[in-house]
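Q: One letter stands for each residue in the lines below.
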Amino acid sequence: EPEVTQTPSHQVTQMGQEVILRCVPISNHLYFYWYRQILGQKVEFLVSFYNNEISEKSEIFDDQFSVERPDGSNFTLKIRSTKLEDSAMYFCASRPPLGAYGYTFGSGTRLTVV
Amino acid sequence: KNEVEQSPQNLTAQEGEFITINCSYSVGISALHWLQQHPGGGIVSLFMLSSGKKKHGRLIATINIQEKHSSLHITASHPRDSAVYICAVFAGGTSYGKLTFGQGTILTVHP
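Which chain is which? The protein sequence lines are A and B, in order. So the first sequence is numbered by the numbering used here: it starts at 138 and just counts up by one. So the second sequence is numbered by the numbering used here: it starts at 996 and just counts up by one.
Source of the hints: derived by calculation from the structure; they are not laboratory data. Some hints here could point you the wrong way.
Unchecked claim - What the simulated footprint calls covered on chain B by chain A, stretch by stretch (three residues with Cβ under 8 Å from a Cβ of chain A suffice, anywhere in the stretch; the number is not a length):
1) 1068 to 1074
2) 1097 to 1105
What the hints assert, rightly or not - With a cut-off of at most 27 Å between alpha-carbon atoms, the simulated BS3-like pairs for lysine-lysine come out as follows:
3) K1048(B) to K194(A)
4) K179(A) to K1048(B)
5) K996(B) to K1048(B)
6) K194(A) to K215(A)
7) K1049(B) to K179(A)
8) K179(A) to K1050(B)
9) K215(A) to K179(A)
These numbers come from a predicted model, not from an experiment. Glycine included, C-beta positions come from ideal geometry on N, C-alpha and C.
Between the sequences and the hints, there should be enough to build the whole structure, so can you do that?
A: In C-alpha cells form, the structure reads like this:
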C-alpha cells in the first residue's frame, strides 16, 4: 500500500537554529499538508499546498515557517529560527484530487528544541 | 470555525468488552475520519465516512450528518486495541481539505 514517508523520525535542535522536515507524499496525490501535535494536545493544521502554492494556512504558520515542493516528489517544512514552543510531532499528509478518500498521514517527525 | 468534541477522553475496558467512542462537531462537513494513534505517535486512518455506517473487522463507524455526530464501536475489545482514537472532520468546499481534529480518546484494554 502506498505510504507517505517522513524523515527524520526524530530531530533535536538548538533554539534559534533552522530545521527542515522532509516528506515524500504519495505520487499521484495533489494536495499536501503539514500538521503538528504538541505533546498532550490536539493535532493542529499548519498549512495546505496545492498546485505549487500555499492554498491555506493557519495563524500558527507565521513568517518563520515555509513550505516547498522543490523537485516534484519531496515536500518540505522549514522552520527558520526554532523556539522551545516549536517542540512537537509534525505530520505530513497527502490526498488525491477528489474528496477526502485516500487521505494518508506520514509517521511523523518528533522535533525537540533545546 | 468547526469545533470537534470527543467523549469520553479516557476509557478503560476489560478484554472482550464492547467499546463506544463518540464525536460531535459544530459545523456541517463533507466527511469524517476516524484515526488511530499508537504510543510511537504515528497516525493511521481507520475509516472515512460521509454517511451511514462502515465496518472493518471488529470496528464499526457510524455517522449521523443531521445530528452532527459520529460513533466508533469496537466489538470484542483486545489489549492490542489500546491506543488513542481521534476523529477529524473534513469540511470540503473551499477549505482545501484541511482536517479539524478532536482531542482524542485514550483507550486502554486490560487482559
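Q: Now tell me, hint by hint, if it's right for this structure.
A: We went through each hint and held it up to the structure:
no.	hint	in the structure
1	1068 to 1074	violated (count 0)
2	1097 to 1105	holds (count 3)
3	K1048(B) to K194(A)	32 Å, violated
4	K179(A) to K1048(B)	25 Å, holds
5	K996(B) to K1048(B)	26 Å, holds
6	K194(A) to K215(A)	14 Å, holds
7	K1049(B) to K179(A)	25 Å, holds
8	K179(A) to K1050(B)	26 Å, holds
9	K215(A) to K179(A)	21 Å, holds
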